[in-house]
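Since the structure of chain R is already known, use the hints to place chain E on it.
Number of protein chains: 2
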Amino acid sequence: MGLVVQKYGGSSVSSAERIKRVAERIVATKKAGDDVVVVVSAMGDTTDELRDLANQVTPTPPGRELDMLLTAGERISMALLAMAIHSLGSQARSFTGSQAGVLTTSKHGKARIIDITPGRISAALSAGSIAIVAGFQGIAQDTKDITTLGRGGSDTTAVALAAALKADVCEIYTDVDGVYSADPRIVPTARHLAEVTYEEMLELAACGAKVLHLPSVEYARRNQIPVHVRSSYSDRPGTMVTGSIEDLPMEKAVIVGVAHDRSEGKITVVGVPDRPGVAARIFQAVADAEINLDMIVQNVSSADTFRTDVSFTLPKADAPAAMAALEQVQDELGFTHLIYDDNVGKLSLVGAGMRSQPGVSAKFFSALAKAGINIEIISTSEIRISVVVRSEDLDAAVHAVHEAFELSGDEEATVYAGTGR
Amino acid sequence: MGLVVQKYGGSSVSSAERIKRVAERIVATKKAGDDVVVVVSAMGDTTDELRDLANQVTPTPPGRELDMLLTAGERISMALLAMAIHSLGSQARSFTGSQAGVLTTSKHGKARIIDITPGRISAALSAGSIAIVAGFQGIAQDTKDITTLGRGGSDTTAVALAAALKADVCEIYTDVDGVYSADPRIVPTARHLAEVTYEEMLELAACGAKVLHLPSVEYARRNQIPVHVRSSYSDRPGTMVTGSIEDLPMEKAVIVGVAHDRSEGKITVVGVPDRPGVAARIFQAVADAEINLDMIVQNVSSADTFRTDVSFTLPKADAPAAMAALEQVQDELGFTHLIYDDNVGKLSLVGAGMRSQPGVSAKFFSALAKAGINIEIISTSEIRISVVVRSEDLDAAVHAVHEAFELSGDEEATVYAGTGR
Chain R
1 MGLVVQKYGG SSVSSAERIK RVAERIVATK KAGDDVVVVV SAMGDTTDEL RDLANQVTPT
61 PPGRELDMLL TAGERISMAL LAMAIHSLGS QARSFTGSQA GVLTTSKHGK ARIIDITPGR
121 ISAALSAGSI AIVAGFQGIA QDTKDITTLG RGGSDTTAVA LAAALKADVC EIYTDVDGVY
181 SADPRIVPTA RHLAEVTYEE MLELAACGAK VLHLPSVEYA RRNQIPVHVR SSYSDRPGTM
241 VTGSIEDLPM EKAVIVGVAH DRSEGKITVV GVPDRPGVAA RIFQAVADAE INLDMIVQNV
301 SSADTFRTDV SFTLPKADAP AAMAALEQVQ DELGFTHLIY DDNVGKLSLV GAGMRSQPGV
361 SAKFFSALAK AGINIEIIST SEIRISVVVR SEDLDAAVHA VHEAFELSGD EEATVYAGTG
421 R
Chain E
1 MGLVVQKYGG SSVSSAERIK RVAERIVATK KAGDDVVVVV SAMGDTTDEL RDLANQVTPT
61 PPGRELDMLL TAGERISMAL LAMAIHSLGS QARSFTGSQA GVLTTSKHGK ARIIDITPGR
121 ISAALSAGSI AIVAGFQGIA QDTKDITTLG RGGSDTTAVA LAAALKADVC EIYTDVDGVY
181 SADPRIVPTA RHLAEVTYEE MLELAACGAK VLHLPSVEYA RRNQIPVHVR SSYSDRPGTM
241 VTGSIEDLPM EKAVIVGVAH DRSEGKITVV GVPDRPGVAA RIFQAVADAE INLDMIVQNV
301 SSADTFRTDV SFTLPKADAP AAMAALEQVQ DELGFTHLIY DDNVGKLSLV GAGMRSQPGV
361 SAKFFSALAK AGINIEIIST SEIRISVVVR SEDLDAAVHA VHEAFELSGD EEATVYAGTG
421 R
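Chains R and E are the protein sequences, given in the same order.
Okay, so the first sequence: first residue is 1 according to UniProt numbering, each after it adds one.
Okay, so the second sequence: first residue is 1 according to UniProt numbering, each after it adds one.
Any given hint could be a false lead.
Claimed, not checked - Computed cross-link-like contacts, BS3-like style, restricted to lysine-lysine with a CA-CA straight-line distance of at most 30 Å:
hint, chain 1, residue 1, chain 2, residue 2
1, E, Lys-107, R, Lys-144
2, E, Lys-144, R, Lys-144
3, E, Lys-110, R, Lys-20
4, E, Lys-252, E, Lys-363
5, E, Lys-144, E, Lys-166
As the list claims (entries may be wrong) - What follows is a set of in silico ranges between Cβ atoms, one per label pair, in the way DEER data are often shown:
hint, chain 1, residue 1, chain 2, residue 2, range
6, E, Gln-56, R, Lys-166, 35 to 41 Å
7, R, Ser-15, E, Gly-119, 38 to 44 Å
8, E, Arg-21, R, Lys-144, 29 to 35 Å
9, E, Pro-320, R, Thr-60, 41 to 47 Å
10, R, Gln-284, E, Leu-3, 46 to 52 Å
As the list claims (entries may be wrong) - Here are a few chain E residues that sit away from chain R, every Cβ distance over 10 Å (derived from the structure):
hint, residue
11, Arg-25
12, Arg-64
13, Met-83
14, Ser-106
15, Ile-114
16, Ser-122
17, Asp-175
18, Ile-186
19, Asp-235
20, Gly-271
21, Asp-274
22, Glu-382
23, Asp-393
24, Asp-395
Just so you know, the hints here were simulated from the structure itself, not pulled from any lab data.
Here a beta-carbon is modelled for each residue, glycine too, at the ideal position from N, C-alpha and C.
Bound-form chain R, shown alone:
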């Protein structure tokens, strides 16, 4: 008998009907002989609705109280799910993050899991129950206040619980049946991936593939928890995230796919005096505002003016704060002005195969060139090449690269209706 942790996202439990269907799947897993722990998100748009309610009261709710408010969402979905399982004749008990022993840092809205002490979960399993755990939430180890983990937090809860309980697998149920070689909404012939390594999944998640969030993949890799990304609307096998690129046999080290991302904007700092330390001061100012930069490019300095331009990308939501932080150091640093451009898109090619196959970069850039696409920023890792292009060129760029690397599958991808994750 094994132990399976299953995670269901908000769209999988968006109504009483869907909750009942999810309950049937859970009970079937239990009846097949495994112990089951379920991590559940808030129903559908509940979290956004609660955020709206907070905004009606104040534009700047304190983090502690916002977390208290938002955690009501999973409380509702987990209790309903436990009821639905109960009505099918199986035992189920729901647990808040705090009851499940999810200990976090105290940074409200963006807490990190420090440890899980799942004593009550183990006890429920021993008593023959299915345990339902609220995703996305925990209790701060120092202040004992309720915290939330930020976007995608329920995935992290699931993987962390799987690690703490030494589960055999963590199944992430969503509205697509796994990871594809490209977004099937852009490339209908994108290939379904049966398996990817942790490292490749990390790159894909960091580059815009929305099927898994970065922290959950990091947690899975660190604890060697196999993560199975599956559809809650079908029984087809999904994508298994497991193993390291270091252990891949040569024939399995391939190019896995093309990710794209429209969530970032680009800031250009124009007329930066070209002397040591100025670039560092620019990035320090942005870091002090707790903003993470993504890709960076610095132009060649002008021989006439000894000035240069520095561009970087960052999440669009962080752009106003970054602009404000930079304006504060404008006099000190002496740059001439700032340009914000939110009409950019990022494309990334990912795969362990880059390490062994020569000529990947050449093929990549020549595909983009043939498609007439202008490149603004380039960055690479051992298993990834990323470029920033005009937003309107992004779909064509995805097509061009996907085709050049012959990533298409034999059949059209199945795209499920749904609101995404």
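Coordinates of chain E only, in the frame set by chain R:
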């Protein structure tokens, strides 16, 4: 500097606007120099909406999970209220029943408070914060599961917290400005009561006055906590519930008012063999179904048949279960049949003055007789006379008794809009 516990019901916090208004009142109390602990119910109809959601999943939700679900309601209102106070520049921290140390029995949906260990509340007050506590909920002392207290539970939470924290007063804010000598919707000239004793309030609450629930008044009396029932829409003084009838000076021992109740039905057990122990068996069968009877009458036995009829009143909601329990013992007890009558109403006259003034009963029954009202059951206590009449006669009966005892005030009662409590 004193300590005030304030409780706001669901209609007082039914929207973001109302929450902001309540926050202003709370901050004003704090600025006037008192420490403030606030107990809050779920917003408006939230609890009913959550119940509906549960019913969409299953008609018979397990109590543990239903309590988990319903407690999301106060979590939302208390967090929003803390945000609203924060936006007015004061500090506020919200606490669930569990965090506030509300320890209860484990009877889900009807838990009783065993003790309160308000360490975190005291710490928040010491730190200069206003403490917001979820009403209606607690944590079971033995199972550590989340519980709810049943209807009116937020009042009990407030009074119990006031007792545990040794507060100077517990203010219950509702949509009327206190207790009246009759329901102003029936008797527009009903008099506002500035003060009533615990015993009188207990009788009024037990007899249908909805402004306070019975368990909260019992808790207040046991712990000698003055309870001030006030309107959340005005600054008028409300009704102070305090003191015992034993300590009342003669001139203050008066008839305080007329309560009425349409929430009960009447069951008649017809043709009961008139032998010792049969009546006891009837009431035992009903008690075994965990149903509380209210008033009881047994007819004079027929000389011909040695059979009698036994009638009793009980909450309408409990009638089906009581009928089923009685049908199960019909063969054993040998009664002929059962009649259920839900077209009854109960009127009660309450006041410590009954103990000292002779002729109260005579005046009471003569007023009903003059109004041509037929009486079906009578019961009395030291400070109360209750009768069951036809439901359609109830308003006329209230008027007749209220007038006979000259209970009207000098001005028309102010009746506030609102959905009741």
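Evaluation of the provided hints:
no. : hint                               : result
1   : E:Lys-107 <-> R:Lys-144            : holds (27 Å)
2   : E:Lys-144 <-> R:Lys-144            : holds (17 Å)
3   : E:Lys-110 <-> R:Lys-20             : holds (27 Å)
4   : E:Lys-252 <-> E:Lys-363            : holds (20 Å)
5   : E:Lys-144 <-> E:Lys-166            : holds (26 Å)
6   : E:Gln-56 <-> R:Lys-166: 35 to 41 Å : holds (36 Å)
7   : R:Ser-15 <-> E:Gly-119: 38 to 44 Å : holds (41 Å)
8   : E:Arg-21 <-> R:Lys-144: 29 to 35 Å : holds (31 Å)
9   : E:Pro-320 <-> R:Thr-60: 41 to 47 Å : violated (52 Å)
10  : R:Gln-284 <-> E:Leu-3: 46 to 52 Å  : holds (48 Å)
11  : Arg-25                             : holds (15 Å)
12  : Arg-64                             : violated (7 Å)
13  : Met-83                             : violated (4 Å)
14  : Ser-106                            : holds (14 Å)
15  : Ile-114                            : holds (20 Å)
16  : Ser-122                            : holds (15 Å)
17  : Asp-175                            : holds (21 Å)
18  : Ile-186                            : holds (37 Å)
19  : Asp-235                            : holds (23 Å)
20  : Gly-271                            : holds (42 Å)
21  : Asp-274                            : holds (47 Å)
22  : Glu-382                            : holds (45 Å)
23  : Asp-393                            : holds (44 Å)
24  : Asp-395                            : holds (41 Å)
Checked against the numbered hints given earlier, this structure breaks hints 9, 12 and 13; the rest are met.
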